[in-house]
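Could you put together the complete structure from these sequences and hints?
2 protein chains.
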Amino acid sequence: MMELTILGCHSATPRANKHTTSQLLEVQGNLFLIDCGEGTQMQLRKCKAKFSRIQHIFISHLHGDHFYGLVGLISSFRLLGRSAPLHVYGPKGIKEIITLQLKLAKSWTDYSLHFHELSSSKSEILFEDEVVSVATLPLDHRVYTNGFLFTSKTTKRKINTAAVADLDLEHYHYRQLQQGLPITLADGRSFENTTLTLAPEPAKKYAFCSDTAYLESLIPLVQGVDVLYHESTFLEKHADLAEKTKHSTALQAAKVAKAAEVKRLLLGHYSNRYTDKEEFIKEAAPVFDAVFLSEDLKTFSI
Amino acid sequence: MMELTILGCHSATPRANKHTTSQLLEVQGNLFLIDCGEGTQMQLRKCKAKFSRIQHIFISHLHGDHFYGLVGLISSFRLLGRSAPLHVYGPKGIKEIITLQLKLAKSWTDYSLHFHELSSSKSEILFEDEVVSVATLPLDHRVYTNGFLFTSKTTKRKINTAAVADLDLEHYHYRQLQQGLPITLADGRSFENTTLTLAPEPAKKYAFCSDTAYLESLIPLVQGVDVLYHESTFLEKHADLAEKTKHSTALQAAKVAKAAEVKRLLLGHYSNRYTDKEEFIKEAAPVFDAVFLSEDLKTFSI
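For the record, the sequence lines run as chains A and B.
Residue numbering for the first sequence follows my numbering, starting at 1165 and increasing by one per position.
Residue numbering for the second sequence follows my numbering, starting at 1165 and increasing by one per position.
Hints in this document: simulated from the structure, not taken from any laboratory.
Source: prediction; values computed, not measured.
Take these hints with a grain of salt, some might be off.
Since the list gives no way to pick one copy over another, a pair counts as held whenever it fits inside one copy or between any two copies.
Unchecked claim - Only pairs whose alpha carbons sit at most 20 Å apart, straight line, appear in this in silico SDA-like list of lysine to any residue:
{"no.": "1", "residue 1": "Lys-1214", "residue 2": "Tyr-1275"}
{"no.": "2", "residue 1": "Lys-1401", "residue 2": "Leu-1415"}
{"no.": "3", "residue 1": "Lys-1408", "residue 2": "Phe-1215"}
{"no.": "4", "residue 1": "Lys-1446", "residue 2": "Glu-1400"}
{"no.": "5", "residue 1": "Lys-1441", "residue 2": "Leu-1415"}
{"no.": "6", "residue 1": "Lys-1212", "residue 2": "Leu-1243"}
{"no.": "7", "residue 1": "Lys-1210", "residue 2": "Asn-1436"}
{"no.": "8", "residue 1": "Lys-1212", "residue 2": "Ala-1424"}
{"no.": "9", "residue 1": "Lys-1182", "residue 2": "Cys-1211"}
{"no.": "10", "residue 1": "Lys-1214", "residue 2": "Asn-1436"}
Now the structure itself:
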């Protein structure tokens, strides 16, 4: 299972209680931070996230509402005595921005800080371990921008506790069962794996796409994902502004969701000009009805 | 009169409801921003400050808790359609940090943005107009750091509305009275200025000193100021930490206030290790009893 917490979902300038883009994705205990607008570290505190469990930060692009909180978070990690390494993935230039500030403050990190600068216009895998892989989703915005696709891997089979209750299992039997193997007990009895286990949780896919103009080439890349977060800075009545600024409308986000046959669509990156967010749902739902609104500090299970 | 609003008064890492250093000083309608920790623009919104009236920003030093909110504020000014020029005063390097980020975001400001980079170790006047002058207060910290001394100028004399109630004054008579001149009416009657006016408000002095070790040379520079804000990151029980990190204790701040014969002392820049802020008062008051605690979003009249 994945758990997605929206730390901020508003565009451009933060307000007293409206935070700019940042999301925290938990995949089997690992925390991934996606974008990092100003004040993200305060939002992380509000949702009681354990800072040291964040080891990978993905920055979509170098507009301030998506990364101005990064240098502060990196600095706070140091002040809080972090020892775990940190990996930052983002557009070329991000390393210079951060290191210049740490250098002038004479505050280089004690923990190891790795920058992975991106410049490819094709989807590429950035990170992969036994539980998840992360790939870029090239987007179309005013500056070089990537979305990110998180794919969790099929986990181990689950022990059927009722079925094994009367069996005298050794530790290695559990491991064999989780791996899908049959087992043989000390008394000679053998069991097929499926008689003692339940199917593992299926792999999950989460696609984060902000900021972008409506983009046909995105559709095959997010085909069938469990949740698609697609920016909807504007409503159709401001389609001219969306086109000019290379953003999307709620209707365009819904069209991508429908064409890609995703399971759920999550809207966000709202322009501050709109007070009633339900208008976004009203615009998207006729095209794609499994549509939801991002809200600061709201959590979604994937 | 000056009015000082504390936007943030905590050190090092911001918390959910504890903001790092930033202060807004109003001098006869002009707003001066002093330091700009992460999230300052949200704090400015909370106290409903009019962004366009901030034309001068003073940054004491390049530690993150004093300036990580600056680039976001500068960007928001642009997004909100600012046309007024902005002057930023701060240590050498501040221009490169800000301009690099604006360049990579392809978001150069439409308004004129002037950087005044500081490197002198002597007090110097940074800005002066008809209502206020601002001078640096060289401090002793781990990186090049200045405090700032704001001196308001004596304002025009005030019209004694009761005394002029029965007189048929022209517009130019008011101007002459405000300037301290006698007036002659159309009917030939003359009046001494002091019979129709009240004394102007006296000049006021506000000294901002954060961050610094205990510093003897500061005393003559802040002699007799109306309010001295002096950092007190630590209590005496952590005097070793204060010395090591070039910060001050509440007791040291009180000693500076007493030696400089200031009217009021304002403490702040508290370390997050202390939960009971009254301990700072208890430590300072035996040496200097006109001592007050900074609190986020609290306003002090000077």
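Hint check:
Within a single copy, Lys-1214 and Tyr-1275 get their C-alpha atoms as close as 16 Å, which meets the 20 Å cut-off; across copies the closest is 41 Å, which misses it. When the C-alpha separation of Lys-1401 and Leu-1415 is checked against a cutoff of 20 Å, the pair qualifies only within one copy, where the shortest distance is 10 Å, while the shortest distance between copies is 61 Å. Neither within a single protomer nor between protomers do Lys-1408 and Phe-1215 lie at most 20 Å apart by alpha-carbon distance, with minima of 38 Å and 26 Å respectively. In this homomeric assembly, Lys-1446 and Glu-1400 come within 20 Å of each other (Cα to Cα) only inside a single copy, at 11 Å, whereas the closest approach across copies is 60 Å.
With identical chains, the CA atoms of Lys-1441 and Leu-1415 are at most 20 Å apart within one copy only, with a shortest distance of 14 Å there and 52 Å across copies. Taking the shortest alpha-carbon separations for Lys-1212 and Leu-1243, only the intra-copy value of 18 Å comes in at or below 20 Å, while the best inter-copy value is 32 Å. In this homomeric assembly, Lys-1210 and Asn-1436 come within 20 Å of each other (Cα to Cα) only across copies, at 16 Å, whereas the closest approach inside a single copy is 23 Å. In this assembly of identical chains, the alpha carbons of Lys-1212 and Ala-1424 never lie at most 20 Å apart, being 34 Å within a copy and 44 Å across copies at closest.
Both within a single protomer and between protomers do Lys-1182 and Cys-1211 lie at most 20 Å apart by alpha-carbon distance, with minima of 15 Å and 15 Å respectively. For a Cα distance limit of 20 Å, the shortest separation of Lys-1214 from Asn-1436 across copies, 17 Å, qualifies, whereas the shortest one inside one copy, 30 Å, does not.
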